[in-house]
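Given these sequences and hints, build the entire structure.
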Amino acid sequence: MLADIVSNLSLGLSIAASPEGFMFLVIGAFLGMIVGLFPGFGPAAGIAVLIPMTFGLQPTIAIIMLAGIYYGSMYGGTITSILINTPGESATVASTIDGYPLAQKGRAGPALVMQAIASFFGGTVGVILITALAPSLANFAASFGPSEYFLIIAVGLLMLTTMMGDNKFKGFISALIGFAVGTVGVDVMSGQQRYTFGSPELIGGVYFVAVAIGLFGIGELLHCIFNGQHREAPKRLRISFRDKAFWPSRKDYSESRWTFWRGSTIGFIAGVLPGSGATLGSIIGYSVEKKIAKDPEKFGKGEMRGLVAPEAANNAASAGAMVPLLSLGIPGSGATAVLLGAFLMWGLQPGPLLIVNDPGFVWGLIASMYLGNMILIAMSIFAIPLFVKFLDIPYVNVVPVIVLLCVIGAFAINASIIETWILVGSGLVGFAMKKYGYSPAATVLALVLGSMAEETFLQTYIISRGTMSLFWERPVSLVLSIILCAVILVPFSVGLLARTRRIRKTTES
Amino acid sequence: MKKWFAAALLLLAIGYTVYGLNTLTLVTSSGRPAAGFFPLVIGILLIISSAINFWGDFHEWRAERLSGQRPVHQADPEAEAKADALGVDAHAIDGGPEFGADVAIVFCYLCVFVAIMPTLGAFLAMILFMLAFLTTFNRKHMLSNVVYSIALPGFLYGLFKILLNASLPTGPLGF
Chain A
1 MLADIVSNLS
11 LGLSIAASPE
21 GFMFLVIGAF
31 LGMIVGLFPG
41 FGPAAGIAVL
51 IPMTFGLQPT
61 IAIIMLAGIY
71 YGSMYGGTIT
81 SILINTPGES
91 ATVASTIDGY
101 PLAQKGRAGP
111 ALVMQAIASF
121 FGGTVGVILI
131 TALAPSLANF
141 AASFGPSEYF
151 LIIAVGLLML
161 TTMMGDNKFK
171 GFISALIGFA
181 VGTVGVDVMS
191 GQQRYTFGSP
201 ELIGGVYFVA
211 VAIGLFGIGE
221 LLHCIFNGQH
231 REAPKRLRIS
241 FRDKAFWPSR
251 KDYSESRWTF
261 WRGSTIGFIA
271 GVLPGSGATL
281 GSIIGYSVEK
291 KIAKDPEKFG
301 KGEMRGLVAP
311 EAANNAASAG
321 AMVPLLSLGI
331 PGSGATAVLL
341 GAFLMWGLQP
351 GPLLIVNDPG
361 FVWGLIASMY
371 LGNMILIAMS
381 IFAIPLFVKF
391 LDIPYVNVVP
401 VIVLLCVIGA
411 FAINASIIET
421 WILVGSGLVG
431 FAMKKYGYSP
441 AATVLALVLG
451 SMAEETFLQT
461 YIISRGTMSL
471 FWERPVSLVL
481 SIILCAVILV
491 PFSVGLLART
501 RRIRKTTES
Chain B
1 MKKWFAAALL
11 LLAIGYTVYG
21 LNTLTLVTSS
31 GRPAAGFFPL
41 VIGILLIISS
51 AINFWGDFHE
61 WRAERLSGQR
71 PVHQADPEAE
81 AKADALGVDA
91 HAIDGGPEFG
101 ADVAIVFCYL
111 CVFVAIMPTL
121 GAFLAMILFM
131 LAFLTTFNRK
141 HMLSNVVYSI
151 ALPGFLYGLF
161 KILLNASLPT
171 GPLGF
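Chains A and B, in that order, are what the protein sequence lines are. In this text, residue positions in the first sequence follow my numbering: the first is 1, and each later residue adds one. In this text, residue positions in the second sequence follow my numbering: the first is 1, and each later residue adds one.
In case anyone wonders, no lab produced these hints; they're calculated from the structure. Beta carbons are placed, not taken as given, at the ideal position from N, Cα and C, and that holds for glycine. One or more hints might be untrue.
What the hints assert, rightly or not - Derived list of chain A stretches under chain B, where covered just means 3 residues or more per stretch with a C-beta under 8 Å from a C-beta of chain B: (1) 179 to 185; (2) 205 to 211; (3) 457 to 468.
Claimed, not checked - Computed list of chain B residues with no C-beta within reach of chain A, every gap over 10 Å: (4) Arg65; (5) Gly100; (6) Met117; (7) Leu143; (8) Ile150; (9) Leu173; (10) Gly174.
In structure tokens form, the structure reads like this:
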């Protein structure tokens, strides 16, 4: 087992550490840091917008670069959380709670270094666990039938929507919209055209990249404009790592030594679970750390453990989210959904067979994540002054760059002006979805998984002769069905119970 | 606007389902689900959920109108979820003034950019978009706006056309 892992990793390293692989890994990590730096522009948007930049690369190298953007943004997102109290992306919100007070206390340097170390620790623990778990899960998943796959997709989407607090219902609608858009094109089973309105451009379906760039890229951008980010003056900050006060103290390390482990473990579990991802992982990581601390009153006032826990968690979660993606072919978040779209674009079908059929790709990607974390910790510490400089660029200058990248990128994929208009329409819809409480991530996830969901649903229907009994006859399906029911019923029952209690209290008083 | 978006979704859901019912085969002659089966399931779920959603948003709007109170800002759902988990006010994460007019302007510029791209070519369209955008929102720095509006499209055009060998629309000037 261990020998297999070592030989597989050696194969992966030979690909990831090749001059071309290494160069694009560095470019991806660097771009990821920058994507993370700009508030409101998360990894999903970053990957979607930069997919066209990977044209002309070998598939493995392209995915290594895109994955670098994905986990690199986790590192970059915290810089703004600490320095200007503005999370670069949602997974670094929890880092703001103690990160910014640390900067206010004059400890921005130690906070930035500790977040880099925590990110490295979480990311590395996550990749070690991927190395150990992904092949086993893929072996286990090899016995899965259509009912299991359909249920995993359903559980993932439902968990993603339950993350949306009061907007769960709108999350559900968002997922249905994705499924509906996914039905456009030729039906794979019968060959009949659906919703093409006679347009030859729609026979192949609505191309996912244009929709993803529109919803995440243009939609996010319009939302940032709506919030007035383009009218804000840049925040001028100066940081130098030559300063003695830049480095953390011995006390910082010793106090946080177990926090690294706890945050990483919690984050990885949250990442593996479909739908939860890095945002929830970092929030749980922070909450657990605060709960078990002997001095919880220090949290929120500049406590290093309050920064280390969510940072280790969100990086471990971003690694954990690759487990279901690689071994089942099912993404659990918007960013991994975009990555899956990129996989498919390059003709790679993630799932149990990918590790067997294309070990070079899977292990190259995993090995690149080890290397990527090393590159990122070096960048995060020694290039902090450079990344801080990026914050000097006024957002008003960043907006047109992103628009140009989105439009030119969407056109360049298939040289199609229709797809460019789909991008524009998706951008407007993405903005409205964000503004009115819907989830673009659920839409993209459903769009990417739509054909798989339909195929597995129909196969289950046909095999069980219309009774859908496969959902409870097979052991794994039964467990997944129970989880599915629990995801639907538990929040509903809790809400009902709380309401009943409230009414009883009001009646009593 | 929230209720109109919900209403539009409901109408689209009805249109999607009705069009599917009229154009697609639901069941094959052997009784198996055909191309229209899955869209019908999705369509029905969409109609039901969009109708409930519209009803909720409409009631919310009516309650706001009757009470005369309007929320200052509709928070981002992600921010709301995070705020719930963190026990803080969502507006602290995603609040502040709104710039709807700016969104409309940028969206118009974007539409014009895409509309003129096939005729004028990608390079000229990019320059015009940059100039229009920066002239509107960054009036104080006209010289740097002009330099930026030529340099950046030049860089991107070179990157996509020459380095990535991507196909971009060509204008009357040949680029």
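Now for the hints, and whether the structure bears them out:
1. By the rule of at least three residues with a Cβ nearer than 8 Å to a Cβ of chain B, the coverage given for the segment 179 to 185 of chain A holds, with 3 such residues.
2. Counting residues of the segment 205 to 211 of chain A whose C-beta lies closer than 8 Å to any C-beta of chain B gives 0; at least three are required, and the coverage claim is violated.
3. Judged by the Cβ-Cβ criterion of 8 Å, the segment 457 to 468 of chain A is covered by chain B as claimed, because 4 of its residues qualify and three suffice.
4. Every CB of chain A is more than 10 Å from the CB of Arg65/B (nearest about 17 Å), matching its label as outside the interface.
5. Against the 10 Å criterion, Gly100/B falls within the reach of chain A, whose nearest CB is about 6 Å from its own CB.
6. Distance check on Met117/B: its Cβ comes as close as 7 Å (rounded) to a Cβ of chain A, failing to clear the 10 Å threshold; non-interface status is violated.
7. Every Cβ of chain A is farther than 10 Å from the Cβ of Leu143/B; the closest lies at roughly 14 Å, confirming the non-interface assignment.
8. Consistency note on Ile150/B: stated as away from chain A, and its beta-carbon is indeed over 10 Å from all of that chain's, at 12 Å minimum.
9. A cut-off of 10 Å between C-beta atoms confirms that Leu173/B is not in contact with chain A; the least separation is 17 Å.
10. With a least CB separation of 17 Å from chain A, Gly174/B remains clear of the 10 Å interface cut-off, as annotated.
In summary, the numbered hints that this structure violates are 2, 5, 6.
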